[in-house]
Amino acid sequence: MDLDLFDYDLPPEAIAQEPAERRDDSRLMLVDRTDFSIGHYYFSDLPGLLDSGDVLVFNDSRVIPARLIGTKRGSGASIEIMLTGPLDGYEVDTRDWLALARPARRLKAGDTVDFTDDLSAEVIMKNADGSVQVKLLSNQPVYEAIEKNGVLPLPPYIKRTAQDQDYQRYQTVYAKAPGSVAAPTAGLHFTSELIKDCQDRGVQITQITLHVGSGTFQTVQSQDIEAHHMHSEWYHIDAETASLISQAHQDKRRVICVGTTSVRTLESSIAPGATSVLPGWRSTDIFIYPGYQFQMTDALITNFHLPKSTLLMLVSAFYQREKVLDAYAQAIKAGYRFYSYGDAMLIV
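Mapping of the sequence shown onto our numbering: position 263 corresponds to residue 263, and the numbering continues sequentially without gaps.
In short, the hints are calculated from the structure, not lab data.
Any given hint might turn out to be false.
Okay, derived cross-link-like pairs now, DSS-like style, lysine-lysine, Cα gap no bigger than 30 angstroms in a straight line [unchecked claim]: (1) Lys323 / Lys308; (2) Lys159 / Lys252; (3) Lys126 / Lys159; (4) Lys72 / Lys159; (5) Lys159 / Lys148; (6) Lys135 / Lys148; (7) Lys108 / Lys148; (8) Lys135 / Lys196; (9) Lys126 / Lys108; (10) Lys196 / Lys159.
Derived CB-CB ranges, DEER-like [claimed, not checked]: (11) Gly291 / Ala334: 26 to 36 angstroms; (12) Asp164 / Lys323: 32 to 42 angstroms; (13) Gly39 / Lys72: 52 to 62 angstroms; (14) Arg105 / Asp326: 37 to 47 angstroms; (15) Gln293 / Leu10: 26 to 36 angstroms; (16) Tyr42 / Ala109: 48 to 58 angstroms; (17) Asp129 / Asp2: 19 to 29 angstroms; (18) Glu18 / Gly48: 22 to 32 angstroms.
Please read all numbers here as calculations on a predicted model, not as lab measurements.
Here a beta-carbon is modelled for each residue, glycine too, at the ideal position from N, C-alpha and C.
Between the sequences and the hints, there should be enough to build the whole structure, so can you do that?
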């Protein structure tokens, strides 16, 4: 498929630069795939749009303060290191990381970047794709040093640095497993009270983990989207969650993924033709675009995504590309706010 099929025009003022005053004050577009209708709500209305027996699947990954700002030892040049994931596995308390450096041209293997008196990074290797492999050096546990000295990495389309409010609002209320460099943003709209309201209506709540990597910012370079390769990301599903979701699927109750990361996790965890979700830690580089046959996802809560992005392609696979772009056009006309701190869409 041609990349340009997933393009659309978005006025810059439609890109949300700040979160809504309250998480569930954001707007919610309801898209019904059976009759092609579109309804307009607020996110606080969500419990009334769900059915008893539905299962909401949250991604409980926590965003880490992955931006480390320091100076190159010897020259004093200002260097930013953006951690994108552990080099081996999913444990964040490790010294060995894959990262992006800015400006990368000032670094070579063997250089050291100092962030504080007790946290530095030695450049081990520069990769062909522009990333770097670094070893973090500290006298304290590495992740403690990252938490103490790192800066929250807001997406590049938010034209400001992270402020105090972002350390709370660019994190879901149920986040607990550290490892992501970007928030699973569909979950940002939920409050603890709203989750309880859903449960009081008979909706089941469960959590998986997918650590969002730098691939979420990666642009699709190939004109033929099928030539695009996704970066690998780690995910985890525990046995209880796998059983709950599998049973709902067998009972023909709706499995509603909160965010594209939950979709990618569930769709990666089930073999073609199978009916059960597999528990455990695994990695996935699944790329979902139109033509994909969903096996486990019955409905989707998601934000409005960038033009030509893999996230928009996933949503277009779940519905119809033309219908999704029409919904986006209606959202723009109605003044919806786009991207991470923007409004949401429920596709049923």
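**Violated constraints from the hint list, given by number and in increasing order** = 2, 8 and 10
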